[in-house]
Amino acid sequence: MTEIKHLYLLIFLDLFPACESFEHPARLDKLHHQLHELETLLEKANLVCEIDQGSDESDLESDESVSDQMSKAVTSLEISAACLMDLLPSMENTLNWADSKLRNTQNNQAIAFEVSGPAQLYVLNVLDRFPKANARLVERLGEANWQRHTTLRNIEGPATQDASSATGVVSEVQAVPKSIFVPVSLFHDSGLGSSLPTQSSYAATVASHSSFMSDLADNENGGLRVPPTPKEVFKNVPFTCQICGHVLSRIKNRIDWK
Amino acid sequence: MAATKRFGSRQVEAWIDRATIRTNEGGHGTTVGFAWNLYDQVFEVFTVLVPLVSKGRSSAQSTKHEKSLKDSLGKLFLWGDGFRDGGLENTLETSDDLKETVLETLVAMGKTLIFCKL
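These protein sequence lines map, in sequence, to chains D and L.
First residue of the first sequence: 1, per the working numbering; consecutive thereafter.
First residue of the second sequence: 259, per the working numbering; consecutive thereafter.
For the record, the hints were derived by calculation from the structure and aren't laboratory data.
Hints are supplied without guarantee of correctness; some may be wrong.
Unchecked claim - For lysine-lysine, the following DSS-like pairs were computed, each having C-alpha atoms within a straight-line distance of at most 25 Å:
#	chain 1	residue 1	chain 2	residue 2
1	D	K44	L	K357
2	D	K252	D	K235
3	D	K258	D	K235
4	D	K30	L	K328
5	D	K72	D	K101
6	L	K328	D	K72
7	L	K322	D	K72
8	L	K333	L	K357
9	D	K44	D	K30
10	D	K72	L	K333
11	D	K132	D	K101
12	D	K72	L	K325
13	L	K333	L	K322
14	L	K333	D	K101
All values reported here derive from a predicted model rather than from experimental measurement.
Using the sequences and the hints given, assemble the complete structure.
In structure tokens, the structure reads:
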């Protein structure tokens with residue numbers, strides 16, 4: 001193999017004499033390095049493709065002139081490049097087919113998923129609500145609902161802390177300013193024209209302003225009821241909504257809650 | 259009608275998957291492999307050698323050789339440019355015949371460049 005290398009270098013320098021006129025020896029070293037890497041790859045290719053290379057050395061021993069060798073090398077490279085270009089349409093078709101196959105595989109993988117255990121309840125809820133819906137769609141909606149539930153739970157912690165701090169602020173705002181003036185009697189006015197929030201002396205009504213009311217019959221018919229009003233509403237203090245996770249402070253009664 | 263309904267349902271499923279459901283699947287794709295490395299190395303050596311032909315000689319035949327080599331180098335560049343980022347490996351893995359033909363051709367070019375095989 002070493003002899004072949006020496007022979008190759010002699011022929012190489014004969015065919016490409018400009019190599020000797022390289023201004024920077026580093027460039028020549030780089031070229032030799034590239035040729036060495038190419039040689040390694042060709043050896044690997046011989047192992048992979050089992051290409052017969054028995055005729056290589058015999059060709060190197062031929063007694064043709066350098067000019068003829070150059071002509072044959074140029075023609076060989078030209079034919080090889082033309083062969084590759086001829087293969088191009090077939091290769092492009094194959095690549096397009098491989099890409100479409102890959103896309104189909106990706107789509108199938110996206111559809112093939114499993115419902116996690118806790119999400120089964122949500123899947124059943126969706127199925128009860130929409131019995132005729134596509135089963136796979138129902139599974140996805142159930143899983144999505146469950147994941148939204150866990151997301152809300154995760155952000156609930158910081159929201160609760162915000163609620164406690166907000167409560168402190170509100171209590172400070174709503175505190176009645178101290179005064180040395182003591183009224184003789186308590187007077188319940190209408191609140192009109194006053195900057196202070198007033199409370200009505202009448203109990204909050206339970207009548208609904210909506211055109212329908214939720215009752216137990218709705219539950220039996222499959223309808224959803226409005227969740228019970230939190231106790232904080234009646235205490236008139238801000239609280240963290242279990243559904244949306246926000247701190248609510250303007251809800252004074254069940255009508256507002258609805 | 260049923261086919262349209264099924265297609266719409268799948269679209270919704272795909273939308274839910276993308277919009278809400280989190281999966282642990284990572285990216286995939288074929289990386290650069292042996293065939294591309296071989297092509298790249300042949301192309302690099304070819305690119306270095308072509309200017310040397312014009313520097314070394316000044317005859318009419320040399321000019322003809324230089325033109326032919328530049329044409330071949332241009333074809334080689336155009337051929338490989340469409341198969342970057344794993345495209346060549348994707349193509350050759352699909353067809354054994356193509357793989358064999360392409361590798362043999364690249365090997366022939368590499369041998370011509372290295373051993374000046376004539």
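Structure-based check of each hint:
1. D:K44 / L:K357: With a Cα-Cα distance of about 15 Å, the restraint between K44 (chain D) and K357 (chain L) holds, given a limit of 25 Å.
2. D:K252 / D:K235: Holds - the C-alpha atoms of K235 (chain D) and K252 (chain D) are around 9 Å apart, at most 25 Å.
3. D:K258 / D:K235: The given pair, whose Cα atoms are some 17 Å apart, holds under the 25 Å limit.
4. D:K30 / L:K328: Given that 25 Å is the threshold and the Cα spacing comes to 21 Å, the pair holds.
5. D:K72 / D:K101: Distance of about 42 Å is beyond 25 Å: violated.
6. L:K328 / D:K72: holds (16 Å)
7. L:K322 / D:K72: holds (13 Å)
8. L:K333 / L:K357: holds (19 Å)
9. D:K44 / D:K30: The hint holds at about 21 Å.
10. D:K72 / L:K333: holds (18 Å)
11. D:K132 / D:K101: violated (32 Å)
12. D:K72 / L:K325: holds (15 Å)
13. L:K333 / L:K322: holds (17 Å)
14. L:K333 / D:K101: violated (29 Å)
Checked against the numbered hints given earlier, this structure breaks hints 5, 11, 14; the rest are met.
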